[in-house]
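Participant: Chain B: place on chain A using the hints.
2 protein chains.
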Amino acid sequence: MKVPKANAVALPFPSRNDKANTGGRVYGVDVLIARKFLQAIGEPSLRMVLWDGKEIAPSNSTPAVGMVIRNRATLWRLLTNPLLHFGDDYCAGRIEVEGGLVAFMETVYRAMAQTPNFRRTPDPAAYRRNQPKLNSLSGAKKNIHHHYDIGNAFYELWLDAEMLYTCAYFPDPAASLEDAQIAKMDLVCRKLRLQKGQTVVEAGCGWGALARYMARRYGVRVKAYNISREQIAYARERAKAEGLEGQVEYMEDDYRNITGTYDAFVSVGMLEHVGPDHYRELGAVIDRSLREEGLGLIHTIGQNSPTPMSPWFLKRIFPGSYPPTLREMMALFEPWEFTVLDVENLRLHYAKTCEHWLERFEQNHDRVREMFDECFIRAWRLYLSGCIANFTIGALQLFQVVFSRPTNNLVPLTRSHLTAPPGKS
Amino acid sequence: MKVPKANAVALPFPSRNDKANTGGRVYGVDVLIARKFLQAIGEPSLRMVLWDGKEIAPSNSTPAVGMVIRNRATLWRLLTNPLLHFGDDYCAGRIEVEGGLVAFMETVYRAMAQTPNFRRTPDPAAYRRNQPKLNSLSGAKKNIHHHYDIGNAFYELWLDAEMLYTCAYFPDPAASLEDAQIAKMDLVCRKLRLQKGQTVVEAGCGWGALARYMARRYGVRVKAYNISREQIAYARERAKAEGLEGQVEYMEDDYRNITGTYDAFVSVGMLEHVGPDHYRELGAVIDRSLREEGLGLIHTIGQNSPTPMSPWFLKRIFPGSYPPTLREMMALFEPWEFTVLDVENLRLHYAKTCEHWLERFEQNHDRVREMFDECFIRAWRLYLSGCIANFTIGALQLFQVVFSRPTNNLVPLTRSHLTAPPGKS
Chain A
1 MKVPKANAVA
11 LPFPSRNDKA
21 NTGGRVYGVD
31 VLIARKFLQA
41 IGEPSLRMVL
51 WDGKEIAPSN
61 STPAVGMVIR
71 NRATLWRLLT
81 NPLLHFGDDY
91 CAGRIEVEGG
101 LVAFMETVYR
111 AMAQTPNFRR
121 TPDPAAYRRN
131 QPKLNSLSGA
141 KKNIHHHYDI
151 GNAFYELWLD
161 AEMLYTCAYF
171 PDPAASLEDA
181 QIAKMDLVCR
191 KLRLQKGQTV
201 VEAGCGWGAL
211 ARYMARRYGV
221 RVKAYNISRE
231 QIAYARERAK
241 AEGLEGQVEY
251 MEDDYRNITG
261 TYDAFVSVGM
271 LEHVGPDHYR
281 ELGAVIDRSL
291 REEGLGLIHT
301 IGQNSPTPMS
311 PWFLKRIFPG
321 SYPPTLREMM
331 ALFEPWEFTV
341 LDVENLRLHY
351 AKTCEHWLER
361 FEQNHDRVRE
371 MFDECFIRAW
381 RLYLSGCIAN
391 FTIGALQLFQ
401 VVFSRPTNNL
411 VPLTRSHLTA
421 PPGKS
Chain B
1001 MKVPKANAVA
1011 LPFPSRNDKA
1021 NTGGRVYGVD
1031 VLIARKFLQA
1041 IGEPSLRMVL
1051 WDGKEIAPSN
1061 STPAVGMVIR
1071 NRATLWRLLT
1081 NPLLHFGDDY
1091 CAGRIEVEGG
1101 LVAFMETVYR
1111 AMAQTPNFRR
1121 TPDPAAYRRN
1131 QPKLNSLSGA
1141 KKNIHHHYDI
1151 GNAFYELWLD
1161 AEMLYTCAYF
1171 PDPAASLEDA
1181 QIAKMDLVCR
1191 KLRLQKGQTV
1201 VEAGCGWGAL
1211 ARYMARRYGV
1221 RVKAYNISRE
1231 QIAYARERAK
1241 AEGLEGQVEY
1251 MEDDYRNITG
1261 TYDAFVSVGM
1271 LEHVGPDHYR
1281 ELGAVIDRSL
1291 REEGLGLIHT
1301 IGQNSPTPMS
1311 PWFLKRIFPG
1321 SYPPTLREMM
1331 ALFEPWEFTV
1341 LDVENLRLHY
1351 AKTCEHWLER
1361 FEQNHDRVRE
1371 MFDECFIRAW
1381 RLYLSGCIAN
1391 FTIGALQLFQ
1401 VVFSRPTNNL
1411 VPLTRSHLTA
1421 PPGKS
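Going down the list, the sequences are from chains A and B. Under this note's numbering, think of the first position of the first sequence as 1, with each following residue one higher. Under this note's numbering, think of the first position of the second sequence as 1001, with each following residue one higher.
It is possible that part of the hints are untrue.
What the hints assert, rightly or not - Incomplete in silico selection of chain B near chain A, CB under 10 Å:
no.	residue
1	Gly-1024
2	Arg-1110
3	Lys-1352
4	Thr-1392
5	Asn-1409
6	Ser-1416
As the list claims (entries may be wrong) - Quick look at which bits of chain A chain B covers, simulated, 3 or more residues with Cβ under 8 Å:
no.	region
7	336-346
8	405-418
It is worth saying that the hints were derived from the structure and are not from the lab. We put the CB at the ideal spot given by N, CA and C, even for glycine.
Same shape as in the complex, but just chain A (with noise of 0.2 Å):
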């Protein structure tokens, strides 16, 4: 399938005018801004180059990253709203990073979160921030559009074979992403203790790999919903090639809409899109949907301690977005007196799945210029970066919860079943 060439992420850049500002000469009052800003953001240990040459680094080390800035309007932008602006300035081009945009985000990251203005501060109300008003059902399905619907060729170009875009479970860090990926559904239904003539609902089905998975590998009937229509489409074409039709069935609707009761209900990577005032309401549905012996497998990132998404990944790349703490999750389930039974925190293997996603990025980069324009590609890069270096120090979690109703007595006593050996079918 051929993708026009889209701007999805819709950013303002290159068409605004900096012209006036250029090139030029580095007056004393830039170096001055330019240390300020270096300050204000905790004296990471990087070098930076004026668009003169001039270059700014710490006199007691040789810093292994740095970054570039092209003009002045730049630099003094970074000082009003550095989460916001560093993004869109270097998605312009406007900023260049040396030392591996990876490594330089960890650094950058890691001297912020030392800092009084940048520190992760618990915020009660950090996910307000996030714009969760906008999940409302017509709010959801204008955010989902945003991300998902830029064009199935797209995610195909760097996505393993199965269309998986959440966490995979690398059982040995070496495995492959098409291995960790079936690793990480076989893993789900495990969880779940799949039986054969069982019926799953899934929330947020993706491209529906899981769907085919659990009806091909454990023989179980499922409800896939997901209100992203090219994935949709996708998921539905894919079960009629592989003949699943009569198994699984893919909802073009919303969480809201889910119908019927079902052995299992399992969501993989949509949580980060519903917000948390509207956990209460999934937890209703996940209440009228589970029956009394089910089991239910919420996977979502996650973070320590409530702290708002850079405006530049909300306003760019993720809508209405927010990763949850485990204690905002527990809205799905104390309402419902669900038992939490198992929680695992897949954060490391979060960030090796990014490192697969950017590397085969990177690998069909002429490809996707075919697609995009070079400022797309360039937020896409900053955007898979950001979640790498995010997952590896620590700023974000990956939580995989499985829950019942309280009175099931027929749970697993422990996990012996979770490590079967993978491919039983």
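Facilitator: What follows is chain B alone, placed relative to chain A:
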């Protein structure tokens, strides 16, 4: 060690004068009160027999359990505060139970959970009803003394040989209590990835079994805190007898007075006595005690939603105790950005553990009778039976939570270290 006969749970009965109402005729109003009571607790399927033999039972079923009420005052009291008075009147022998105490309590609890009066509705201040303010430095000492300092010889009669008074882990449901307690200790050690030569601090060490096990089997040095004088004395004696004095140091002191830094922080069965008002304080202790690459483990009884303990349990068994929800537990971790790595719910293991305890307790009835009066024995039987019932019906949970600092990238990638064969040393 011979312990003087004592009434440690300080029951007010049977000194209270109920003679006026003992026996005598059952009037119509008594039957009305009985029916009102059964209605109030959700019409459990039970047979009620009043003091003159009058039987009140559901017409449409043959109940498997029943209660005999010895006099009018007891019946009428039940209506005013059933949760408190059932306990006290059962202990005083003014209520007898038929069909097994555990089965009886499960039946009653299940019915109560369905009624508006007793349904477990979330209550954000539930723990305040459990007098957590009492758990100040001096209050905690008094509360702990109440339960744990009633004589080591008593606990020796019904705990395992290592004297563990916390949930065991049954890799096989048929495992003995002794084996299950060793399996639990080994599971804790494996979750903490203990390595020879490391240092561990334990908050709330009971009779010291885990500290000794860690030292003996994993070659670590342990500093273990407890404010129960009798437990500490016992722990020191055993460590000396086992030649572990150089490796294990038992401190008769509060967790708030922990000093030093350690490779691991562990607390098994103490959090129930801390009270949510003090979780932040405990979190601060962990934060100052745990090395950068250390791991921590908290093992605690918990709940699915915040509800207060029964007033009888709080008054007679564990003053100041409160089993937190996972959400409430996060107050330990969020302020310091600790990363939750793993949560395991061992609820059904605790039901089984309590079954073992109750069985041994009953087997040793004669010896317990030499130490305590019948009132105490009945209180203890009710307490252990109530625990079995609560864990079985899902009103109580057992959470084992593993955590690290957010920046610790040496955390285990998978759970393969948990299934290593036990008994390595």
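Participant: So which hints don't hold here, by number, going up?
Facilitator: Checked against the structure, the only hint that fails is number 1, while the rest are satisfied.
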